[in-house]
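**Q** Chains as they are written, first to last, in the UniProt record's numbering: chain A, 1 to 174; chain B, 1 to 456.
Treat each hint with caution, since some may be false.
As the list claims (entries may be wrong) - In silico BS3-like links for lysine-lysine, alpha-carbon gap of 27 Å or less:
(1) Lys-157(A) with Lys-433(B)
(2) Lys-266(B) with Lys-177(B)
(3) Lys-433(B) with Lys-161(A)
(4) Lys-57(A) with Lys-42(B)
(5) Lys-161(A) with Lys-159(B)
(6) Lys-177(B) with Lys-52(A)
(7) Lys-441(B) with Lys-157(A)
(8) Lys-66(B) with Lys-52(A)
For the record, the hints were derived by calculation from the structure and aren't laboratory data.
Listed below, chain by chain, are the residues.
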Amino acid sequence: MLYLVELWESVRDFMATGGDVLWLVAGALFLMWVLMLERYFFVSFVFPSVRKEIIAKWDAREDSTSWYAHRIREAWISQAQEQLNARMGLINALVAICPMLGLLGTVTGMIAVFDVMAIQGTGNPRLMAGGISMATIPTMSGMVAALSGVFFSTRLKARLKLSAEQLVDNLPHH
Amino acid sequence: MKKLITTAVVAAAMTFSASTLAAEPAAQSAAQTLDQLLSQIKADRQSDARLNKKREAEFVSERADKQALLKSAKSALAGEKQRGVDLQKSFTDNDQEIDRLSRDLATATGDLGEMFGVVRQVSGDMSGQLATSLVSSQYPGRDEVMMKLGMAKELPTIKELEELWYSLQTEMTQSGKVVKFTADVTDSSGEVKAMEVTRVGSFTLMGNGEFLNFNPNTGTILQLPKQPEGYKVATVGKFQGAAPGETTQVFIDPSRGGLLQVYTQKATLEEQFEAGGIVGKIIAGLLAFGLLISVWKLLTLTAESAKIRAQMKKLDNPGNNSLGRILKVYKEAGDVDVETLELKLDEAILQETPKIESGINLIKVLAAIAPMLGLLGTVTGMIATFQDITLFGTGDPKIMAGGISMALVTTVLGLVAALPLILMHAFVAGRAKSVTDVLDKQSTGIVASHAEQRGK
């Protein structure tokens with residue numbers, strides 16, 4: 001428990017030095033990971049049964065070579081793909097947003113630095129240092145968030161594509 | 001004219017002297033004959049000799065007098081000289097006496113002298129402290145007494161010493177107290193109102209749910225022209241309204257008003273937006289436009305997908321929606337061959353999709369333009385800054401810093417506008433993709449399965 005309190009303290013200190021933009025980065029990172037974990041869960045635990053169902057339905061069909069059969073197969077594949085790729089656009093957008101949020105933090109931090117300069121002059125570097133840490137920490141966090149997102153979302157995309165292709169392969173024209 | 005008068009006067013004087021010269025021989029020439037003249041001369045000689053004798057006697061007697069005078073003057077001089085010597089002596093004696101007495105005084109003062117020095121120094125320091133202390137807003141005029149004591153040349157009286165001790169004690173006690181008192185507060189428009197003021201030690205003044213400031217020069221309590229962030233000010237109202245014994249949190253200014261002063265100089269969000277200038281306003285306009293389109297597209301797409309979902313449940317009865325219109329084409333086609341049906345369906349689908357996708361790319365373009373416009377604002381701001389530098393030089397960082405923070409504001413605005421637009425685009429594009437997928441790939445499948453079921 002005490003460990004958790006200390007952890008929270010250190011997180012709070014980090015957030016305080018990084019400024020408010022850091023909360024936006026944290027929010028974007030959290031949302032991105034929740035969505036990605038949901039997709040991982042879907043593709044590993046939910047989708048196999050969906051796939052099995054579609055394959056069974058296809059295998060039960062007598063006609064699998066007519067124009068109708070082709071269209072129905074395409075529609076099923078499209079439905080399955082839609083289920084697989086749901087919210088992937090949002091994940092990609094969040095990955096793209098993270099570095100921009102970092103940049104936003106940089107610029108607001110620089111504004112803080114120049115505001116201090118405008119009021120106090122350059123005499124006190126300690127006052128400016130607060131703004132500079134507000135400028136650099138969000139950039140770093142945004143980069144880290146985006147990197148984690150880029151790596152795992154690419155893996156996820158490949159996995160989703162593979163699952164869809166497995167489905168297509170399992171719907172033969174018998 | 002003046003010259004004329006002087007010549008006249010000179011001429012008159014000369015004539016006058018000339019007439020007297022002429023008159024004398026006339027008087028002496030009273031003797032008519034030579035004998036008479038002779039006897040007259042004789043008589044004159046005798047009287048002259050008598051006269052001379054008399055004058056001689058006079059001179060001699062006078063000479064004796066002068067001798068006596070000289071003698072008395074000399075004796076007076078000697079007397080004065082003696083007096084001078086005597087005075088000189090008494091002066092040196094007195095000098096030595098003064099020396100001795102002041103030495104005696106210093107010994108007699110002893111430790112007390114040191115103490116009076118300390119008193120003077122402490123009361124001097126104290127007057128400065130009291131003048132700026134927030135406690136003085138409640139008890140004004142304390143610093144003047146201290147100032148007088150600090151400047152005084154003579155030794156302080158016991159009463160004054162007690163005053164110093166009392167002032168120190170008051171300041172110490174009051175700086176540890178939270179007190180409410182009624183005082184005149186000058187608001188930002190210069191109006192003076194009496195209100196209940198809460199003082200937290202010597203740190204912060206609050207009144208009417210706001211932070212107040214104390215101006216030591218005029219000795220007045222001022223309303224701050226700008227308050228800190230709302231959540232900080234909110235604690236003040238809670239603190240002032242708290243019941244006795246209740247514990248509430250409150251933000252105080254440990255720098256005794258300095259931080260609050262800095263807060264008044266901090267730009268608000270509104271002012272920062274204003275600093276963005278015309279570019280900032282264009283970006284805000286783009287954001288508003290993009291958000292409007294996004295919301296509009298989100299609403300229409302949600303409505304459309306709901307309609308399509310309802311249409312999927314009753315395929316025999318095509319309504320007025322995108323899937324319904326495709327189904328209508330299928331229905332009107334009747335028993336045409338499969339290839340013609342596919343062509344007709346493709347045509348119908350092609351007619352439907354652009355309507356659904358319209359506007360989505362616009363959101364993306366707006367999201368891409370906003371940061372670029374922000375960059376444009378930054379560059380124009382930097383140009384303005386450099387123009388300032390050419391005019392005023394780099395001597396004052398404050399001039400440049402103002403321009404630079406202004407320049408950066410547009411970058412912030414550009415990013416702030418781009419971020420929601422990117423997210424909205426992701427949402428809207430996802431929605432649109434699911435709708436077009438239904439129309440593009442699944443509609444023919446739906447038609448096919450329907451036809452199959454009918455054929456059975």
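**Q** Could you run down the list of hints and mark each one as holding or not?
**A** Now the hints, each set against the structure:
Straight-line distance between C-alpha atoms of Lys-157(A) and Lys-433(B) comes to about 17 Å, which keeps the hinted pair within the 27 Å bound. Only pairs whose Cα atoms come within 27 Å are accepted, and Lys-266(B) paired with Lys-177(B) is rejected, the gap being roughly 30 Å. A distance of roughly 17 Å separates the Cα atoms of Lys-433(B) and Lys-161(A); the hinted pair therefore holds under the 27 Å criterion. In summary, the hint linking Lys-57(A) to Lys-42(B) is not supported, as the alpha carbons are separated by about 195 Å, beyond the 27 Å threshold.
Note on Lys-161(A) and Lys-159(B): the hinted pairing is violated, with a Cα-Cα distance of about 95 Å set against a maximum of 27 Å. Distance hint between Lys-177(B) and Lys-52(A) is unfulfilled; the C-alpha atoms sit about 76 Å from each other, more than 27 Å. Proximity of Lys-441(B) to Lys-157(A) is assessed by CA-CA distance (about 21 Å); at most 27 Å being required, the pair is judged to hold. Distance check on the hinted pair: Lys-66(B) and Lys-52(A) sit about 162 Å apart at the alpha-carbon level, beyond 27 Å; violated.
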